[in-house]
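Mind docking chains B, C and D on chain A? Use the hints.
There are 4 protein chains.
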Amino acid sequence: MTDVRVGVIGVGNMGAEHAGILHQSVSQATVTTVAGPHAERTRDVAATVGARPTTDSYDLIADPLVDAVVIASPDETHPDLTIAAIQAGKPVLCEKPLALSVAECVRVVLEEQRAGRRLVSLGFMRRFDPAYVALKAELGAGGCGNPLMVRCVHRTVGYDPGANPLRSITASAVHEFDIVPWLLGSAITEVSWHAPRVSAAAGFPDPQLIALHTESGVLAVAEQFQNARYGYEIRCEVVGETGTISIANPRRLVIDSAGTESTGFPADWRGRFADAYRLQLQAWIDAITAGGEPALATAHDGLVAAAVAEAVIASMKGDGRRVAVTAPRLW
Amino acid sequence: MTDVRVGVIGVGNMGAEHAGILHQSVSQATVTTVAGPHAERTRDVAATVGARPTTDSYDLIADPLVDAVVIASPDETHPDLTIAAIQAGKPVLCEKPLALSVAECVRVVLEEQRAGRRLVSLGFMRRFDPAYVALKAELGAGGCGNPLMVRCVHRTVGYDPGANPLRSITASAVHEFDIVPWLLGSAITEVSWHAPRVSAAAGFPDPQLIALHTESGVLAVAEQFQNARYGYEIRCEVVGETGTISIANPRRLVIDSAGTESTGFPADWRGRFADAYRLQLQAWIDAITAGGEPALATAHDGLVAAAVAEAVIASMKGDGRRVAVTAPRLW
Amino acid sequence: MTDVRVGVIGVGNMGAEHAGILHQSVSQATVTTVAGPHAERTRDVAATVGARPTTDSYDLIADPLVDAVVIASPDETHPDLTIAAIQAGKPVLCEKPLALSVAECVRVVLEEQRAGRRLVSLGFMRRFDPAYVALKAELGAGGCGNPLMVRCVHRTVGYDPGANPLRSITASAVHEFDIVPWLLGSAITEVSWHAPRVSAAAGFPDPQLIALHTESGVLAVAEQFQNARYGYEIRCEVVGETGTISIANPRRLVIDSAGTESTGFPADWRGRFADAYRLQLQAWIDAITAGGEPALATAHDGLVAAAVAEAVIASMKGDGRRVAVTAPRLW
Amino acid sequence: MTDVRVGVIGVGNMGAEHAGILHQSVSQATVTTVAGPHAERTRDVAATVGARPTTDSYDLIADPLVDAVVIASPDETHPDLTIAAIQAGKPVLCEKPLALSVAECVRVVLEEQRAGRRLVSLGFMRRFDPAYVALKAELGAGGCGNPLMVRCVHRTVGYDPGANPLRSITASAVHEFDIVPWLLGSAITEVSWHAPRVSAAAGFPDPQLIALHTESGVLAVAEQFQNARYGYEIRCEVVGETGTISIANPRRLVIDSAGTESTGFPADWRGRFADAYRLQLQAWIDAITAGGEPALATAHDGLVAAAVAEAVIASMKGDGRRVAVTAPRLW
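Residue numbers (the numbering used here), protein chains in the order written: chain A, 2 to 332; chain B, 2 to 332; chain C, 2 to 332; chain D, 2 to 332.
It should be emphasised that the hints constitute simulated quantities derived from the structure, not laboratory data.
Please note that the accuracy of each hint is not assured.
Which copy is meant is left open, so a pair is good if it fits within one copy or across any two.
What the hints assert, rightly or not - The calculated SDA-like cross-link candidates involving lysine to any residue, where the alpha carbons are at most 25 Å apart (straight line), are:
hint, residue 1, residue 2
1, LYS137, GLY260
2, LYS137, ALA249
3, LYS91, ASP57
4, LYS318, THR190
5, LYS137, ALA40
6, LYS91, MET15
7, LYS318, PRO206
8, LYS137, GLY319
9, LYS318, GLY143
10, LYS137, SER258
11, LYS137, VAL255
Since this is a predicted model, take the numbers as computed values, not measurements.
Same shape as in the complex, but just chain A (with noise of 0.2 Å):
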């Protein structure tokens, strides 16, 4: 069978790491040529891989060799581009947030429905970890009971100099509000946005705590961290009638020294979801192998969680308040 042929765009941490995937990990897939913009270091993320190296972003969308193009630019240009993946009729995989705002969701969405087929996949790679799949299987063989609160933890070791509340959420919390639909079956309608003092480290208040209202009635609480320091973790439980499943910390080493037993976390997201990456690119290139639709989450599933997340600001600006989600309906 003849490899899909794959154009990575973005040579920083998460373009590099989809190209090295893609390349070493996934069955059936060629990454052919890299877009970056600095000449130096795109020639160096594709030769890693064997790949072309190019400047220019659109030149690799119209590369008659390449097939299918991953986007991991800066999230200012993701909807652009996908925009132009649409228009040149590949099927693409945008790194989360499709866009900062809903309104430029909005474009994206409108684009691909009148490309008249699925074309955009998202990278809410949480979908494919597999503690997230074995939670919403666990929780659709009743193994809580009924839902009634999801408790969310996100946490990263900080030091981000373009840190800043509002990208938390619209950057890091995004992740809840695709997640906490995808476990429940049921969209975010109501949210509010909480905060300790501002902390030192952030110069801004870190942790944030998030509290989303499901159509269903169910509380979920998403505390997003920036500047945890101690490590990566990313923790969700949900509390059902019966009991509560949650997601386990991965481990691979307990170690007895000094007077303590421990583990260590991981120092980002790359290793804890490295399955998940993997297995999302490996979805990604056997749906358009296959000719199917991908499993991974769509255009108006980042439009969705846009929304959320302008809500979520507007409560942070309206001190706490409790503010409804209103998405456009494109459908």
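Then chains B, C and D, alone, in the frame of chain A:
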């Protein structure tokens, strides 16, 4: 040395527990009198500890063979009985809550002020739980840097016919209203109340989620779940600028069987807090013997916790809005 | 009720610990006399519990203000002091081991037989540890089916100048020789000894691994590690036909910091077995008060454990060959 | 780049697993031919990966559309098929054990020596398990000081009608005989065998306990339990002079329900070692593509493990005496 002679009011679960612990596991204490409303049950409980039974609590308080009084009768009887003990000039350990309203707490505090010396101790036993004690010590040692957030979970098995959303707050969540300021050394100044839909099991919104803001700028979130079904569980995690500190669930056995590795939960607070109750009673007896100030919570601590409870109830009735805590200044 | 008046022989770590527990945490016990070889240290320990100090252990045993005796002096003094207490007709709780040889244990057992009544209890305190007690109960309830194997680990921090491979067995591993038959209800009939090369830290083979075969056909393997450095740790797993049951390490806090999640180990047995020591002393006092047979280990249990230790030492000297356990039949 | 065309011999659990992984999850591999004894089952497995079915393993080895061979047929067929692949000059990945006797292993090793180049790889897949890899790295980094002891546990659910005590050793415990020297970088020189009574479930002594002494003086103890019933579980703890390092059980969910907190065990090795099998196959394919030496275990590693197995069986038949390991020197 002569034992302290203790009278125990209340022969329900908690009263029988206190009488048994004092009799079997506390140094320098003898239970001499036990009071309860039902003659037969009272006689049975008294017999297990070799004490005199009575159905009149005020008779017990007046008994010359009683040096000190434990009150473990229904919540609504706490203030009158405590006041009677104060008036008799006897040290009294009253189970939490001190009273179901701030106004009633005020009566007790004023009566003790009139007595001119510390007579009242309040059974916020978590302050004696070895895990909470270790958490406070580790916090003080800077184990997580400056605290930013506290995450509390209080889950009980449920099936309590008298349970209702107000009682969840005044009689159960009140533990958190005491322990959070005790851990942080900072008062709760503002609260808000959140909940999922009405739970079928409870007949009211359950779990409830309570946000507590402290004077020092920490945000605490306390889950209070009356009908958790799966077991009795207490969690507390302090999230700070460099890491987090959590109390661990006590566990004795790990069982590998039928496809799972498992550990058991206690059925209720007696299993979880057996050490705390014993150590609290021993500290109380030791202080009486030594003539010093007991390290137990005070009547004023009970009043402050009641003021937080009233603010939470106001938020609940005000659709989750933020409500400031106002405790009368009596000192 | 009148307190039992206890004399404590030994003012090292263990003696001071017993005196303190009896004084502060045991119901119906008063420490009246404390004996130790060094006058000053003895006076200090005695002062903390309000007791009379003496440098003469036999004077303490004869003291009319002493109803019962605790022996926590060096191991080699145990048999003579225990015999003196028997001859004085006083209940005695002797720290393990009862003696360093089977022959010495025989002397004690015969002396108690001459006295015609149970006077000796032996400090195999694990029998009172809540985790071991729960393990025995779960075993009895069929929690893992018929037991096939027991895996024991006993690790201490080390740095003990008096440590040597024989003492590892007679004074430390002896705990396993008692607890395994107690758990299984079946005697140890054959043993073999195994070890890695000589450890630099110990100067002798350390850890040692001891295989114990029971009359019922179970194979137990006991690791005895004197210089584990990282902390004090006890493990016990019973492997049965349908599953396994293990005791859990007690832990109070979980700390997330500097890239790891960690929990602490106790520094030594006092932290790990604080409950066991307290409950053992309380059970001993209760039995003396009630005039009944204490549930503590007997002199004969000490003799049987010593017989296993001698067989293990014979295997060690016999290059690891299997050696049958032969305890003299004295009853 | 052109895919490596792989022929898979064996359509049992393991063969189907290898074919599926190569097809779905390995980069640059295509399964072209599948061989099995039963035409129908072979056709079904071949169909799932789009390969040609054959009932003749030697026909598969000769197939010009097969570049490399995976052998996952019954253990006793391994040496002849491996030799045939060597003679065909094709790289071969043979499932462990290489053969059921040292003599058979010798035949394979000599045949490969005659071929003059490395063609054989052996499926000791634990070497690719991320936890074992991390354990080896941490050991190398001095994470526990000099190793003194290794504790291995290998438990399977059982119910295998073909299970017997010899097979437990040659086909299951053989994993430990490979992984312990691989972890420590030191050969096993002496062994002894120990067991409880005959287990009702197994009909032979089960679990078995095997002591392994290495050239470097480490004592490893390997429990091999065929009928553990409760689940599939692998443990490995290296005990060193300053601490210990253990691999952690992988776990995805923690469930609080019906009085317990629990996590699940996998049913068998496929769930536990899914990553190891995938990474081993990818490493094998990558080495074939790159023309280099694969990092997988060699035929000689298989011979050495078989020599340990024969020594263990000699100890078993010799009532547990210590037996030296003697592997023929062929290089």
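Against the structure, the hints:
In this assembly of identical chains, the alpha carbons of LYS137 and GLY260 lie at most 25 Å apart only when taken from different copies (20 Å versus 38 Å within one copy). Within a single copy, LYS137 and ALA249 get their C-alpha atoms as close as 14 Å, and across copies as close as 24 Å, so both meet the 25 Å cut-off. In the homo-oligomer, the alpha carbons of LYS91 and ASP57 lie at most 25 Å apart inside one protomer (17 Å), although the nearest pairing across protomers, at 44 Å, exceeds that limit. In the homo-oligomer, the alpha carbons of LYS318 and THR190 lie at most 25 Å apart both inside one protomer (18 Å) and across protomers (21 Å), since each shortest distance falls under that limit.
Taking CA atoms no more than 25 Å apart as the test, LYS137 paired with ALA40 passes in neither setting, with 43 Å inside one copy and 39 Å between copies. When the C-alpha separation of LYS91 and MET15 is checked against a cutoff of 25 Å, the pair qualifies only within one copy, where the shortest distance is 21 Å, while the shortest distance between copies is 38 Å. Only within a single protomer do LYS318 and PRO206 lie at most 25 Å apart by alpha-carbon distance; the minimum there is 12 Å, versus 28 Å between protomers. With identical chains, the CA atoms of LYS137 and GLY319 are never at most 25 Å apart, being 34 Å at best within one copy and 35 Å at best between copies.
When the C-alpha separation of LYS318 and GLY143 is checked against a cutoff of 25 Å, the pair qualifies neither within a copy, at 38 Å, nor between copies, at 33 Å. In the homo-oligomer, the alpha carbons of LYS137 and SER258 lie at most 25 Å apart only across protomers (16 Å), although the nearest pairing inside one protomer, at 37 Å, exceeds that limit. In this assembly of identical chains, the alpha carbons of LYS137 and VAL255 lie at most 25 Å apart only when taken from different copies (13 Å versus 28 Å within one copy).
Hints 5, 8, 9 from the earlier list are contradicted by this structure; the remaining hints agree with it.
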